[in-house]
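So the protein sequences, as listed, match chains A and B. If you're matching positions, the first sequence starts at 60 in the numbering used here and goes up one per residue. If you're matching positions, the second sequence starts at 42 in the numbering used here and goes up one per residue.
Hints in this document: simulated from the structure, not taken from any laboratory. Treat each hint with caution, since some may be false.
Said to hold, decoys possible - Straight-line distance between alpha carbons at most 20 Å, and here's what the computed EDC-like set of lysine to aspartate or glutamate pairs gives: (1) Lys81(B) to Asp294(A); (2) Lys86(B) to Asp150(A); (3) Lys91(B) to Glu156(A); (4) Lys157(B) to Glu94(B); (5) Lys132(A) to Asp176(B); (6) Lys307(A) to Asp294(A).
As the list claims (entries may be wrong) - Taking beta-carbon pairs under 8 Å as the criterion, some of the chain B residues facing chain A (in silico): (7) Lys81; (8) Glu144; (9) Thr172; (10) Gln174; (11) Met181; (12) Leu251.
From a predicted model like this one, the values you see are computed outputs, not experimental measurements. Glycine residues also receive a C-beta, built at the ideal position from the N, C-alpha and C atoms.
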Amino acid sequence: MIKVKNLHKSFGDSQVLKGISTVFEKGKTNLIIGQSGSGKTVLLKCLLGLFDYQKGTIGYDEKIFLSLTANEKRTLRSQIGMVFQGGALFDSLTIAENVMFPLRMFTKQSQSEMEDRANSALKRVNLDNAHNKMPSEASGGMQKRVAIARAIVNNPKYLFCDEPNSGLDPKTAIVIDNLIQEITKEYDIVTVINSHDMNSVMEIGENILFLKDGLKAWEGSKDTIFKTDNEVVTDFVYSSNLFKKVRKMYLEDL
Amino acid sequence: MGKLMNRFIYFSINYNFMNYLHNIGAYFLMIAEMFRKPTKWSVMKQLILKDIEDLIIGSLGIVAFISFFVGGVITIQTALNIDNPLIPRYLVGFATRQSIILEFAPTFISVIMAGKVGSFITSSIGTMRVTEQIDALEVMGINSVNYLVLPKTIALLLYPFVISIAMFLGIIGGMAACVFGGYSTFEDYVTGVQMDFMPFHMVYAFIKTLVFAFLLATIPSFHGYYMKGGALEVGKASTTAFVWTSVAIILLNYILTQMLLS
Numbered sequence: 060m061i062k063v064k065n066l067h068k069s070f071g072d073s074q075v076l077k078g079i080s081t082v083f084e085k086g087k088t089n090l091i092i093g094q095s096g097s098g099k100t101v102l103l104k105c106l107l108g109l110f111d112y113q114k115g116t117i118g119y120d121e122k123i124f125l126s127l128t129a130n131e132k133r134t135l136r137s138q139i140g141m142v143f144q145g146g147a148l149f150d151s152l153t154i155a156e157n158v159m160f161p162l163r164m165f166t167k168q169s170q171s172e173m174e175d176r177a178n179s180a181l182k183r184v185n186l187d188n189a190h191n192k193m194p195s196e197a198s199g200g201m202q203k204r205v206a207i208a209r210a211i212v213n214n215p216k217y218l219f220c221d222e223p224n225s226g227l228d229p230k231t232a233i234v235i236d237n238l239i240q241e242i243t244k245e246y247d248i249v250t251v252i253n254s255h256d257m258n259s260v261m262e263i264g265e266n267i268l269f270l271k272d273g274l275k276a277w278e279g280s281k282d283t284i285f286k287t288d289n290e291v292v293t294d295f296v297y298s299s300n301l302f303k304k305v306r307k308m309y310l311e312d313l
Numbered sequence: 042m043g044k045l046m047n048r049f050i051y052f053s054i055n056y057n058f059m060n061y062l063h064n065i066g067a068y069f070l071m072i073a074e075m076f077r078k079p080t081k082w083s084v085m086k087q088l089i090l091k092d093i094e095d096l097i098i099g100s101l102g103i104v105a106f107i108s109f110f111v112g113g114v115i116t117i118q119t120a121l122n123i124d125n126p127l128i129p130r131y132l133v134g135f136a137t138r139q140s141i142i143l144e145f146a147p148t149f150i151s152v153i154m155a156g157k158v159g160s161f162i163t164s165s166i167g168t169m170r171v172t173e174q175i176d177a178l179e180v181m182g183i184n185s186v187n188y189l190v191l192p193k194t195i196a197l198l199l200y201p202f203v204i205s206i207a208m209f210l211g212i213i214g215g216m217a218a219c220v221f222g223g224y225s226t227f228e229d230y231v232t233g234v235q236m237d238f239m240p241f242h243m244v245y246a247f248i249k250t251l252v253f254a255f256l257l258a259t260i261p262s263f264h265g266y267y268m269k270g271g272a273l274e275v276g277k278a279s280t281t282a283f284v285w286t287s288v289a290i291i292l293l294n295y296i297l298t299q300m301l302l303s
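Sequences and hints are given; from them, build the entire structure.
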């Protein structure tokens, strides 16, 4: 589990995170949602150790990130898998080499062992025949799946995803969402997803953290989000007519 | 109004000066970071070989072409400016050799390489920044500066090899222009090339070359690594990198010449 306590982060005079406290649980898909500029990406980058923060603590299974030594931080980072918004695949490497990259950097496995691991990771994300393609030859959905395969190939304890289905068609987006949820259960890992997509919220939001202006405005799950009367949340989540109707029907059914 | 203008100019100069200082400091910090937390040797070896192919082998064609023809131009201009019959014709070969070894090959070629190799380095690292590939390296706990910049710096240790080829082809180009243009005989040109040869001039040229190689690897990397924005900014960063690499080469050329030859 990842425990965030009273996290403050500012850039110069502008305070972006104003005391966020939450817990991201193991085996669950934890979503961070909120409007643009609410501090989602900054929170994710603090969790990843890409940004230092001024106040508060982030604990990875009782290990406080800032109090770790450089070696301990490196070990912790090798247990982190990250799926970036654009995939962030290395252009000069083939898809198989991209997936093998963490193994090549952090393990002493032989080439054939690495290939086996990469093959099973690619198989897990339903990509069987793309090993020798370059990332530029793959579609957006394929690139996301490769990014997921690269993130899970080293058996991470923590998986972070930054808007994993942005730029994807609704069908592929659902495939990616379900894949992430299945992997979370299968590997029993802590998954934190930064998302704008309300379909994802309704589909896989087992624990949802809603941020507004750098503060935690609401926390719940995909089930409780229908029932909440928190106006800030309902304004954001049910901003489209479709979702308003869906919510109305859901509440009427109750 | 005048007072306001003065204040604006003062703040503008002050801001730019502080900005330059900040960038110089960040550049040296990046160089220090380059040697920390090394990447696994098996991976580094492959990166170095790839960079040798991209930066050194990939530059040989343009360097050979430019050296051969500029060598010819130096010879023609020298020959055309020697109109006194008392000056021996072998001086054409001597002047060509000196110009090429001392200045053309190490400095002129380095400025051209700042455009060719420098913009390649800035745009490739800059694109990695824009597409979050550098963030991906950092998240994995990899020292991205070491991973991206050190292989290029090591690959460019072979840069004196490129400059040796530039020297050789420059002198050959001069000979071709001299003989086929009818400015002097082959024997006179060869006599001039061999005359009063000082080995230290080669040492001087290669010291300069190694310093320029370091600048060629690190200044464009700095501009690519710390760039912010999108595709347009990658282009701007490449141009800025070319300008600053050229400025640094010209300045250090002056300082090294003063230190080594005076």
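Hints, verified against the model:
1. The hinted pair formed by Lys81(B) and Asp294(A) fails the criterion: a straight-line CA distance of about 51 Å is larger than 20 Å.
2. Taking the CA atoms of Lys86(B) and Asp150(A), the gap is near 19 Å; set against the 20 Å cutoff, the hint holds.
3. Taking the CA atoms of Lys91(B) and Glu156(A), the gap is about 15 Å. The hint holds against a cut of 20 Å.
4. Using a Cα cut-off of 20 Å, the hinted pair Lys157(B) and Glu94(B) holds, with the two alpha carbons roughly 14 Å apart.
5. Between Lys132(A) and Asp176(B) the alpha-carbon distance is near 16 Å, which keeps this suggested pair within the 20 Å criterion.
6. Restraint check for Lys307(A) and Asp294(A): satisfied, since their Cα atoms lie roughly 14 Å apart, inside the 20 Å limit.
7. For Lys81(B), the interface hint holds, the least distance from its beta-carbon to any beta-carbon of chain A being 6 Å, beneath 8 Å.
8. Checking Glu144(B) against chain A by beta carbon gives a least distance of about 36 Å; that is not within 8 Å, so the hint is violated.
9. The interface hint given for Thr172(B) holds, since its Cβ lies 6 Å from the closest Cβ of chain A, which is under the 8 Å cut-off.
10. Hint status for Gln174(B) relative to chain A: holds, with the closest Cβ pair at about 5 Å, below 8 Å.
11. For Met181(B), the shortest C-beta to C-beta distance to chain A is roughly 6 Å, which falls under 8 Å, so the interface hint holds.
12. Annotation: Leu251(B) was flagged as interfacial toward chain A, and the flag is violated, the nearest CB pair being 27 Å apart, outside 8 Å.
In summary, the numbered hints that this structure violates are 1, 8, 12.
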